[in-house]
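Engineer: Chains as they are written, first to last, in the numbering used here: chain A, 1 to 756; chain B, 1 to 756.
Since the hints were made in silico from the structure, they are not lab data.
One should not assume that every hint holds.
[As the list claims (entries may be wrong)] Derived lysine-lysine pairs resembling DSSO-like cross-links, with alpha carbons at most 27 Å apart:
id : chain 1 : residue 1 : chain 2 : residue 2
1  : A       : Lys214    : B       : Lys616
2  : B       : Lys99     : B       : Lys311
3  : A       : Lys407    : A       : Lys330
4  : A       : Lys616    : B       : Lys214
Protein chains: 2
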Amino acid sequence: MHNRYFRHLFPLVLTQILVAAPGIAAPAPPAKLGERFDAAIDPAEMSAWMKDLVSAPNQVGSPHDAENARTLVTWFRSWGWDTHIEQFRVLYPTPVSEKLELITPGWFKARITEPAVTGDQAKSHGGELPAYVAYQGDGDVTAALMYVNYGTREDYDLLRRLGLSVKGKVVIARYGAGWRGLKAKLAAQHGAVGCIIYSDPQDDGYAVDDPYPKGPARPANAFQRGSVSDVTLYPGDPLTPGVASTENAARLNISDSPAILKIPVLPISYADAQHFLAALDGPVAPSGWQGALPITYHIGGGQARVHLAVKSHWGTATIHDVVAMMPGEKYPDQWILRGNHYDAWVFGASDPMSGQVALLAEAKAIGALAKQGWRPKRTIVYLSWDAEEPGLLGSTEWAEAHAAELKQKALAYVNSDTNGRGFLNAGGSPALQHLLNTVASGISDPETGVSVLERKRAQLELLGNGWDAGDDDRHLAALASNPARDIPLNPLGSGSDYTVFLDHLGTPVLHLGFGGEGDMGGVYHSAYDSWDYYNRFADPGFRYAPVLAKLAGHLVLRLANSHLPQKRYADFAVAVSEYIEQVKSLADERRRTAKTQTRMLAQNVYRLASDPRRIKADPVVLKPVPEFDFTPVETAVRRLKKSAKAFDAAVAARGPSLPDAVIAELFNITREAEQAVAPDTGLPGRPWYRNLIYAPGHLTGYSAKTLPGIREAIEDERWPDVDRYIQLTAAALDSCAARLDTGTRLIATSTVASAR
Amino acid sequence: MHNRYFRHLFPLVLTQILVAAPGIAAPAPPAKLGERFDAAIDPAEMSAWMKDLVSAPNQVGSPHDAENARTLVTWFRSWGWDTHIEQFRVLYPTPVSEKLELITPGWFKARITEPAVTGDQAKSHGGELPAYVAYQGDGDVTAALMYVNYGTREDYDLLRRLGLSVKGKVVIARYGAGWRGLKAKLAAQHGAVGCIIYSDPQDDGYAVDDPYPKGPARPANAFQRGSVSDVTLYPGDPLTPGVASTENAARLNISDSPAILKIPVLPISYADAQHFLAALDGPVAPSGWQGALPITYHIGGGQARVHLAVKSHWGTATIHDVVAMMPGEKYPDQWILRGNHYDAWVFGASDPMSGQVALLAEAKAIGALAKQGWRPKRTIVYLSWDAEEPGLLGSTEWAEAHAAELKQKALAYVNSDTNGRGFLNAGGSPALQHLLNTVASGISDPETGVSVLERKRAQLELLGNGWDAGDDDRHLAALASNPARDIPLNPLGSGSDYTVFLDHLGTPVLHLGFGGEGDMGGVYHSAYDSWDYYNRFADPGFRYAPVLAKLAGHLVLRLANSHLPQKRYADFAVAVSEYIEQVKSLADERRRTAKTQTRMLAQNVYRLASDPRRIKADPVVLKPVPEFDFTPVETAVRRLKKSAKAFDAAVAARGPSLPDAVIAELFNITREAEQAVAPDTGLPGRPWYRNLIYAPGHLTGYSAKTLPGIREAIEDERWPDVDRYIQLTAAALDSCAARLDTGTRLIATSTVASAR
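Sequences are here, hints too, so could you generate the full structure?
Structural biologist: What follows is the structure in structure tokens.
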């Protein structure tokens with residue numbers, strides 16, 4: 001019992017109950033405020049901003065990127081925001097020279113620039129980054145080439161069964177099925193001396209839709225730039241894990257940074273990839289490995305040799321985060337954060353400017369409200385991040401710089417990134433699920449007229465009733481078909497600027513965007529992600545940028561202005577208990593699989609069931625899976641459910657009548673409860689990742705692993721870690737529940753006090 | 001009780017028990033006989049036969065086809081078989097002229113002959129049938145072109161949702177996902193005026209393996225010939241359904257034959273198809289419709305127009321079934337039939353000669369046994385069928401000609417067709433399942449040294465433990481992993497010469513072959529299914545043709561020479577009860593689906609979940625599914641299980657001591673029991689198909705529908721037929737059970753008689 005809470009209590013009067021801002025249980029937003037906000041959202045203006053921002057290549061370090069930072073500051077300030085630029089000095093390699101040649105059979109040289117296409121004005125500028133991936137390892141190698149499909153762990157397992165090894169070879173992998181950085185990392189781990197990554201037309205080219213400029217799919221000569229810095233270890237500057245890249249920060253040597261690759265990597269187009277793939281001999285690639293190029297894909301028998309040389313200038317860059325603040329009137333030390341990056345790989349109309357202009361429209365609309373005299377209860381911080389593309393540097397360094405303050409003040413971070421035509425995609429912390437559902441039910445979908453939530457329900461319902469629906473799909477469809485139930489948020493892995501908040505600081509996040517109908521990913525990270533492309537394919541008529549602005553804006557206003565916490569911890573507890581069921585099932589499934597494999601190996605099933613002309617080895621032997629004791633997390637989540645339910649009920653029932661000082665303390669308590677699931681321990685081998693409920697998979701990159709300490713220990717056969725992380729996770733959940741209990745007691749005591 | 005059985009009874013002596021051929025419960029084959037048979041199987045000789053048979057094109061009506069018939073007669077006679085040719089006069093159209101041109105945009109003419117390839121000697125002959133499908137409907141049409149994917153019912157449903165119709169258009173469909181004839185039939189039903197069918201490289205071309213001659217996949221200029229006569233209505237001569245095409249048979253007019261298509265159809269190669277597909281405009285084809293040609297597939301918006309003209313000579317052909325008999329010593333009126341066709345589309349090394357040479361080796365080996373003095377107990381009939389390719393004409397007409405005799409005499413028909421390297425595939429009547437398992441466990445796999453049964457078990461086990469295994473796969477894997485359980489036979493649909501026996505006469509069949517490792521279907525029905533191809537890819541070293549000969553030969557010997565019926569009716573009853581569970585689940589599933597659809601339509605889910613720029617219509621509305629009363633079939637199968645178990649047990653326990661006359665009568669009883677499931681009623685709309693347990697799907701063609709009267713009525717929403725066929729099927733099962741009960745009583749009485 002924390003006695004200090006009682007110092008601020010004072011008697012309530014009845015009118016306070018009647019005029020109190022509605023809590024989450026009575027979710028109507030302040031109607032006039034929302035309407036006034038919406039009225040200020042102007043698609044034409046957003047379109048003009050985008051045109052300005054994408055008018056030249058704006059990758060980190062480019063003149064237009066710096067110019068955009070200044071432009072953003074000017075705009076924020078003109079809208080009434082207290083705005084500054086915060087700079088960091090980060091390691092930022094830039095390409096000096098790149099070469100990829102086929103040496104035998106024949107000779108072919110890959111192009112490292114993307115040609116202009118008819119009808120797109122973007123390409124007249126110059127200054128585009130060539131084919132390049134940031135933080136690859138420079139090198140000059142000549143070696144045999146080998147095709148490794150997507151270059152995943154499963155692909156290497158199959159190569160082994162085929163009796164093949166990439167050791168000493170240059171691998172060529174296709175984009176897709178996981179984050180690019182892992183393709184290069186796994187290649188290096190398996191002994192490859194170089195890595196080529198290309199975009200197969202099956203995945204985002206002509207086999208998906210007409211290539212640009214006729215349609216939205218990837219043109220033959222486009223390539224996907226990106227970063228291969230190992231963000232599954234830690235994002236941000238590879239030389240300053242865990243601390244900000246200030247001028248005088250302690251830095252690792254480049255050669256000591258575990259996030260920087262040790263082999264050269266180059267992305268190429270499918271027009272070029274065809275020359276290399278067609279040159280391969282050796283075994284025919286298995287059916288799942290055949291792409292959409294008009295050739296039979298082979299794995300490589302040594303005939304094809306390539307020369308790959310990449311040389312970078314390993315300099316530093318100054319990055320410019322734009323920070324715009326509007327101080328809270330009542331609770332200035334409670335911060336609601338809203339961010340979207342503004343750096344791109346080339347022009348970046350979709351990625352990131354489609355989200356950036358939504359953020360700008362929100363900021364302008366909130367500024368207009370402020371100019372009319374309105375002030376938020378809490379401090380609103382709008383953040384236009386630089387240097388997301390090379391590895392979430394802008395957001396990570398800023399959050400690391402302000403970690404202590406953020407842990408004291410940040411209540412939520414709302415993120416967006418690429419946005420387009422179609423369906424709502426919302427991920428984040430389950431405690432924010434009900435708020436998201438509530439707000440999304442009030443935002444209209446421009447194509448159908450129903451709310452974006454109702455449209456999302458329809459999408460999930462159709463997916464879950466399809467013939468190929470999985471268990472998760474069916475589960476979501478059942479929820480979606482019941483209007484009384486909320487749609488769960490997607491668990492978040494990594495890939496955008498929410499990462500440091502969710503995974504390192506334990507701040508609840510939302511990640512929002514629309515898509516699925518226009519842009520099929522065909523120009524992702526290419527020079528064709530342009531103004532013309534965006535307006536023709538990603539969101540013709542600029543209809544969904546305003547929708548994102550309204551959704552995110554309403555969320556920010558609700559979070560910044562509500563009387564009570566806009567979170568429902570019971571939803572969090574339910575989500576965690578589902579994750580626990582999943583890891584238990586995973587362990588059971590792995591145990592069965594290992595047992596089955598043992599029997600099938602003993603019976604020689606793998607060889608007998610295979611064509612002896614192709615398969616040379618049995619699969620990797622799975623370790624027997626012990627029975628784990630999940631009791632600690634099960635007990636902890638039962639307690640958490642009870643505590644969360646009690647807390648939510650107390651807030652809903654008695655919250656409206658609580659005095660401001662108690663409310664302020666309640667927010668502190670929930671912040672601490674939320675941060676409790678991200679203790680300092682961190683995950684095995686990557687202590688920067690502290691959240692025990694969510695992390696990017698260390699072998700998936702973008703996609704999430706829930707209960708990562710337990711789940712990945714099962715997947716990686718680290719049995720002692722399973723037990724250890726069951727204990728750690730249980731302790732974190734207990735700590736979370738304890739804080740909520742404190743809150744519940746505070747409310748109970750406060751109410752009794754006020755009833756006197 | 002049928003008193004006539006007792007007329008033949010006479011007392012047993014103990015020695016008869018001791019020397020009796022073992023029943024199925026003691027399954028060791030007569031070792032010396034099997035060994036002597038195996039010793040006569042000579043791969044070199046089989047190879048020489050194949051070389052001879054495939055030395056020129058041998059489609060129906062060709063000189064070499066007729067020559068092959070004479071050759072076969074000579075060979076059979078030389079091996080001691082009583083051999084004759086049985087002729088039928090069938091309708092057999094032959095191509096007069098074919099033309100397919102792209103009219104706009106540009107101009108292109110499809111080639112109707114296949115070019116020679118390097119390293120294949122076959123093409124020097126001439127006399128090859130051009131691109132052609134038998135029993136298409138002649139026509140000369142110029143119309144817009146539309147791509148319909150595989151041209152299945154589901155594909156037309158999707159077209160409807162996209163707001164598109166094939167009415168008045170020429171469709172282009174790709175081979176795969178069902179029998180070719182249904183593509184043309186559905187096209188015509190939807191109002192198309194012509195149909196082009198091409199082989200997409202995704203399905204059997206370069207996306208599967210290197211094209212021939214480098215590898216086994218389909219070369220760019222190969223096309224798949226075939227028949228589009230509607231064998232789902234009835235196979236055989238389209239003018240003589242149900243009766244033999246003898247000289248004076250009553251014949252339909254061509255225009256009245258429901259089996260003959262009414263629109264022109266032409267198969268083309270993928271090299272040519274690319275020109276037509278690339279010319280299409282309109283909506284981009286959905287993801288599942290994109291093939292492996294290096295273009296974005298469009299459905300067609302009217303820009304592309306084609307001219308399709310096919311003209312045939314609608315003459316008659318004389319077909320020549322080769323019938324070789326070896327009379328049974330003890331039971332000459334009990335026949336064991338063994339067949340494989342010998343007509344091809346061009347050279348047909350794989351299809352059908354790989355199976356034909358196995359059959360020949362068996363015949364020669366059995367002939368050699370006979371020359372050494374051995375005689376079968378029962379009559380063995382070896383059948384080399386003509387005219388399988390145009391629609392199972394040889395087997396169908398012959399069986400229709402001898403229907404009455406076959407119903408009195410035929411105990412089993414063992415079929416094969418294409419054969420190659422790899423795994424055993426065995427389909428047929430479940431009563432033969434245990435015999436097949438027993439024999440297959442004694443045949444050695446040449447690639448692994450284990451029995452072909454053990455290798456099959458391994459294959460099923462691996463499939464059923466894969467991540468993408470379905471319920472059926474898992475069920476089979478569970479059976480396969482238990483060496484004490486038999487592997488079930490695949491249910492048979494149609495596509496080879498077993499059809500008339502299984503589906504029309506109710507004779508138990510086995511259909512046998514090996515494959516899955518060499519030939520990937522890439523030269524199926526093309527001129528490249530040649531001697532060179534076969535020896536390089538389908539079965540290098542002629543290792544699997546002898547395996548098929550041993551497997552089929554041992555089965556024939558067991559069936560022809562066993563003392564007791566080599567069938568286990570309990571296996572049949574178990575299979576039928578599983579099929580009943582399946583159709584019950586199907587009805588439940590359809591009921592749920594229809595309910596869900598009703599709700600989703602009411603909530604506008606289909607539109608809200610779709611891109612409004614693409615989807616123009618809701619799906620076809622499903623009828624509500626009533627609750628069906630499956631009690632009659634459930635009761636019947638329970639009775640059948642009991643009767644079958646009692647009969648099997650009686651045969652096993654007392655059979656070895658029964659006198660020959662009782663045994664003979666037992667065989668009659670089992671024959672009648674088997675035929676009882678194929679009463680004269682027939683299936684709705686296709687009375688030729690009488691078997692109530694198995695039929696080819698009327699919308700799948702090749703693949704089987706079990707309990708077809710019930711199952712297809714559910715699938716087609718013909719609710720009264722569901723009830724009607726529940727009753728009919730129950731009656732058939734009751735009739736089957738009653739015959740088995742008669743057998744059981746006969747055995748019981750006989751034993752008492754002999755014990756006296």
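Engineer: Compare the structure with each hint and give your call.
Structural biologist: Evaluation of the provided hints:
With a C-alpha separation of about 23 Å, the suggested pairing of lysine 214(A) with lysine 616(B) holds against the 27 Å cut-off. As the CA atoms of lysine 99(B) and lysine 311(B) are separated by approximately 9 Å, the hinted pair is consistent with the 27 Å bound. For a cut-off of 27 Å, the pair hint linking lysine 407(A) to lysine 330(A) stands: about 19 Å separates their Cα positions. Our distance criterion of 27 Å between C-alpha atoms is met by lysine 616(A) and lysine 214(B), whose separation comes to about 23 Å.
In this structure, none of the earlier numbered hints is contradicted; all agree with it.
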